[in-house]
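Chains as they are written, first to last, in our numbering: chain P, 1 to 618; chain A, 1 to 260.
Among the hints, a few may not be true.
Stated by the list, open to error - Going by beta-carbon spacing under 10 Å, a handful of chain P positions derived as facing chain A:
#1 G111
#2 E234
#3 E317
Claimed, not checked - In silico negatives: residues of chain P with every beta carbon more than 12 Å from chain A:
#4 A159
#5 P165
#6 N169
#7 F200
#8 N303
#9 Y363
#10 A421
#11 F486
#12 P504
#13 E547
Unchecked claim - Straight-line distance between alpha carbons at most 20 Å, and here's what the computed EDC-like set of lysine to aspartate or glutamate pairs gives:
#14 P:K230 / A:E193
#15 A:K236 / P:D231
#16 A:K27 / P:E282
#17 A:K56 / P:D231
#18 A:K206 / P:E187
#19 A:K20 / P:E531
These aren't lab readings, by the way, just hints derived from the structure by calculation.
Keep in mind it's a predicted model, so treat the numbers as computed, not measured.
Where is the CB? At the ideal position from N, CA and C, for every residue including glycine.
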Amino acid sequence: MFRSTQRLRLAQRVTTAALRWTAQPVVRPTAAMATSGWRMFSTSGQQSIWIPFDRDQLPEDDPRRGEVFEDETDVVIVGGGPAGMAAAIRLKQLANEAEKDIRVMVVEKAGEVGAHTLSGAVLEPRALNELIPDWKEKGAPLNTPVTKDSMKLLTSSMAIPLPHPPQMNNKGNYIVSLSHFVKWLGEQAEELGVEVYSGFAASEVLYNDDGSVRGVALNDLGLDKNFEPKDTYERGMHVKAKVTLFAEGCHGSLTKTLMKKFDLRKDSDPQQYGIGIKEVWEVAPEKHQPGSVTHTVGWPVDNTTYGGSFIYHFEPERHLVALGLVIGLDYQNPYLSPYKEFQRFKHHPFVKDLLEGGQCISYGARALNEGGYQSIPKLVFPGGALIGCTAGFLNVPKIKGTHTAMKSGMLAAEAAFEKVADEEQDLKGVVLDKYEQSIQDSWVYKELYEVRNCKPSFSTALGNVGGILYSGLDTMILKGRTPWTFRHKHADYETLKPAAECKPIDYPKPDGVISFDLLTNVSRTGTNHSEDQPVHLRLRDKSVPVERNLAIYDGPEGRFCPAGVYEFVDDEANPGQKRLQINSQNCIHCKTCDIKDPSQNIDWTVPEGGNGPAYSWT
Amino acid sequence: MSNPLRIFVPVKRVVDFAVKVRVNPAKTDVDRNVKHSMNPFDEIAVEEAVRIKEAKKAEKKEVEVVAISCGTAKAQETLRTALAMGADRAVHVEVKDDATLQPLAVAKLLKAFTDKEEKKPDLFILGKQAIDDDANQTGQMLAGLLNWPQTTFASKVTIENEALKVTREIDGGLETLETKIPAIITTDLRLNEPRYASLPNIMKAKKKPLVKITPEDLGIDVSPRIQTIKVEEPAKREGGRKVESVDELVDKLKNEAKVL
Chain P
1 MFRSTQRLRL
11 AQRVTTAALR
21 WTAQPVVRPT
31 AAMATSGWRM
41 FSTSGQQSIW
51 IPFDRDQLPE
61 DDPRRGEVFE
71 DETDVVIVGG
81 GPAGMAAAIR
91 LKQLANEAEK
101 DIRVMVVEKA
111 GEVGAHTLSG
121 AVLEPRALNE
131 LIPDWKEKGA
141 PLNTPVTKDS
151 MKLLTSSMAI
161 PLPHPPQMNN
171 KGNYIVSLSH
181 FVKWLGEQAE
191 ELGVEVYSGF
201 AASEVLYNDD
211 GSVRGVALND
221 LGLDKNFEPK
231 DTYERGMHVK
241 AKVTLFAEGC
251 HGSLTKTLMK
261 KFDLRKDSDP
271 QQYGIGIKEV
281 WEVAPEKHQP
291 GSVTHTVGWP
301 VDNTTYGGSF
311 IYHFEPERHL
321 VALGLVIGLD
331 YQNPYLSPYK
341 EFQRFKHHPF
351 VKDLLEGGQC
361 ISYGARALNE
371 GGYQSIPKLV
381 FPGGALIGCT
391 AGFLNVPKIK
401 GTHTAMKSGM
411 LAAEAAFEKV
421 ADEEQDLKGV
431 VLDKYEQSIQ
441 DSWVYKELYE
451 VRNCKPSFST
461 ALGNVGGILY
471 SGLDTMILKG
481 RTPWTFRHKH
491 ADYETLKPAA
501 ECKPIDYPKP
511 DGVISFDLLT
521 NVSRTGTNHS
531 EDQPVHLRLR
541 DKSVPVERNL
551 AIYDGPEGRF
561 CPAGVYEFVD
571 DEANPGQKRL
581 QINSQNCIHC
591 KTCDIKDPSQ
601 NIDWTVPEGG
611 NGPAYSWT
Chain A
1 MSNPLRIFVP
11 VKRVVDFAVK
21 VRVNPAKTDV
31 DRNVKHSMNP
41 FDEIAVEEAV
51 RIKEAKKAEK
61 KEVEVVAISC
71 GTAKAQETLR
81 TALAMGADRA
91 VHVEVKDDAT
101 LQPLAVAKLL
111 KAFTDKEEKK
121 PDLFILGKQA
131 IDDDANQTGQ
141 MLAGLLNWPQ
151 TTFASKVTIE
161 NEALKVTREI
171 DGGLETLETK
181 IPAIITTDLR
191 LNEPRYASLP
201 NIMKAKKKPL
211 VKITPEDLGI
221 DVSPRIQTIK
231 VEEPAKREGG
241 RKVESVDELV
251 DKLKNEAKVL
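Isolated chain P (complex conformation) (with noise of 0.2 Å):
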């Protein structure tokens, strides 16, 4: 029923100029501004949205404007993964070595570290082995070596065993709980020194007076919906830095604000993404092959669309295994859930048959970037630098990305060391050249450029027949040394198709014993934002979702997102009319939503420290 009214909408509204229009906010200064002091923008003048406060435009008084709580640190790191923490600990082992004090702070949104961590994983420990030579002693939980490596082709009925490519060889490597292995990490940086602030959100980004970072500026506490003051309320602290490493993992919310202000991708290919989607599961033991690595392509997304799955069996005590499905966000159907997509994935004989009589026991989304070299930006800028995937070297083929994040934290502690121990520098504004520089020498930028032309062959009109082609080319015969580089000519917001210009995809109803709907599993991720806090996804303007967004496109926000949280509901103050709900309660913090909004109206901002998931095997 809902469909039918859309498609009647969908051709009374399609117009050439509605599609080509993009969403240009015109600051329109309302009455409301006088009184309350906030800055609004509108353009369809009807409703305003609120943008968080200009503090000087309150009045003298207000506890917003109280006194800030300055802390000095060396270097502070925002995000405690796998990138910020082994900078964390490369800084302190170099400060060790050279017998220098320096001071070390991880500010971390989750809870505790690893609370927010998701990732397939298996773990090349090359990074690792450079960081930490003797984790075995100290305990790492790499408990699962690779035994065993497949890839198949699926079909509805059927997985034909593929060739794969040797980058995909993962003798060495572990299967790994990316989580706990990123709170063992936090355990290592503490242990040497390191302070790591766990449930503590940077939120906004300081700046000198000659536009140099200067640190980061934690969250208010205690602001309500509306954003006044609550009786807990107290200002965010602001720690200042001589360098600043941006460790938020992919399209970091921090980071999205340096791109701009640094224009750091002047120079580079828009940034690539894919979502990840994923369970863990006790599967019965007899069917339980640890160290069992198989990957799928093919069914149940298209020839136009980029995805594949993981199986990856590890913990042998436990019997766990680990899958999920990683569907490209360049995709063009708005109709494509990708959760829907991965349900569905995992009722095909072969995946069926593992996970009959199983249990699932965590899930859990997150972007990944699949851009890699020619989506990298620029990494330096005056102030600080950018480590890990919120830079993105993820190396698609191989489908891994910590061990090049970590290397990259590494390289870039190396070069603050050097800047922050030479005590006769004025460090404001210090540019980490030698970063940029090291990287470009390092292993990261040649597994990432042999292996740069794999994505982009899957965007051309032979779709993933034409990707699987050339990439096994690629990475078994030519390994990169052409002299062509293939480039990514979209942003994955620009992809989408128009509603009526698509089929929707008729999906099957979960079985809740295979397949689940969406909000079992999301009270699977043990999420939870405290109620009267400000909405986290800020609308940049309210009017849009349903004028362009469900015109247009179907809403595909509300598909798109592996929590449920956007959803387009009666609205009940303008009957026959649909508006969008926005239960932020539910956020897993995947950044999908920022990524994939035809209308990049969706601004993803950081909730309060310590909500979000509460992530455990994943």
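Model the placement of chain A on the given structure of chain P, informed by the hints.
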């Protein structure tokens, strides 16, 4: 009161309330490899203690808030949060395995600690129950061991010199009790809204004293008196069925559900 009013607040590190708890493969316990945080009722207890301290400060009366936790080394994180919220010092009673630490053992540890302390506590404020075992026993057992009055499920607390007035939430409504300190208070949900432990306070908390002791130091045997034999997930909910008549209902209740 010339001496500072001493408030002891026991806190417990529990599985975070938002985590979906699961049974471990051995079916002996839940999977504790998940996110932990301070028991929400203990947060309320710390908040109440700190509020009393702040209120008395205005009257120029000194109050000392001491946070205590019995648990593994990780309990120190919880103590640091309590210190960041405003506690003055912390005591960590370190045990090897806190999954088997039961309320009676904790109450005994707290009594032994009280006996040993030179600066005796005037008040214990505890959370009414921990969200992992839902035991609701420690405060009451401690009151029994110390022979102090207990005011449980407090939703409002007032202290005037030695007089303690507590409003309790009971099944029938609200009950107000008057007693004298020293006493035990256990907190219920509506007592207050705990403050955030902000990062500047966490940094300041690092300088506050944290003392570590063991059950052996206190001469207490913490071995469990109750043995958990098995932990299972609740039975899967079966679908309901509609019946056509009352007779059919009675028949099914008698012969299938066997409740008649």
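Quiz item: Given the hinted pair K236 (chain A) and D231 (chain P), is their alpha-carbon gap at most 20 Å?
Solution: Since the Cα atoms of K236 (chain A) and D231 (chain P) sit roughly 43 Å apart, the hinted pair is violated (cutoff 20 Å).
Self-check item: Consistency of the no-contact label for A421 (chain P), given chain A and a CB cut of 12 Å
Solution: It holds; A421 (chain P) is separated from chain A by about 24 Å at its closest Cβ, greater than 12 Å.
Quiz item: Does E317 (chain P) pass the interface check with chain A, least Cβ-Cβ distance below 10 Å?
Solution: 7 Å, holds
Self-check item: Reported absence of F200 (chain P) from the contact zone with chain A (all CB gaps over 12 Å)
Solution: 5 Å, violated
Quiz item: Is P504 (chain P) truly not at the interface, in the sense that its beta carbon sits beyond 12 Å from all beta carbons of chain A?
Solution: 30 Å, holds
Self-check item: Nearest-CB test (12 Å) between chain A and N303 (chain P)
Solution: 37 Å, holds
Practice problem: Mind verifying the non-interface call on P165 (chain P)? Its CB should be farther than 12 Å from each CB in chain A. | Solution: Check passes; 35 Å lies beyond 12 Å.
Exercise. Answer holds if the nearest beta-carbon of chain A is closer than 10 Å to that of E234 (chain P); otherwise answer violated.
Key: 5 Å, holds
Quiz prompt | Claimed clearance of chain A by Y363 (chain P), with the beta carbon kept past 12 Å | solution = 10 Å, violated
Quiz item: Regarding the pair K27 (chain A) and E282 (chain P), is the alpha-carbon distance no greater than 20 Å?
Solution: 14 Å, holds
Exercise. Say whether it holds or is violated: N169 (chain P) keeps its Cβ farther than 12 Å from all Cβ of chain A.
Key: About 31 Å separates N169 (chain P) from the closest Cβ of chain A, which puts it past 12 Å; holds.
Quiz item: With a cut-off of 10 Å, does the beta carbon of G111 (chain P) approach a beta carbon of chain A closely enough for the hint to hold?
Solution: 6 Å, holds
In the structure shown, a violation is registered for the earlier hints numbered 7, 9 and 15, in ascending order.
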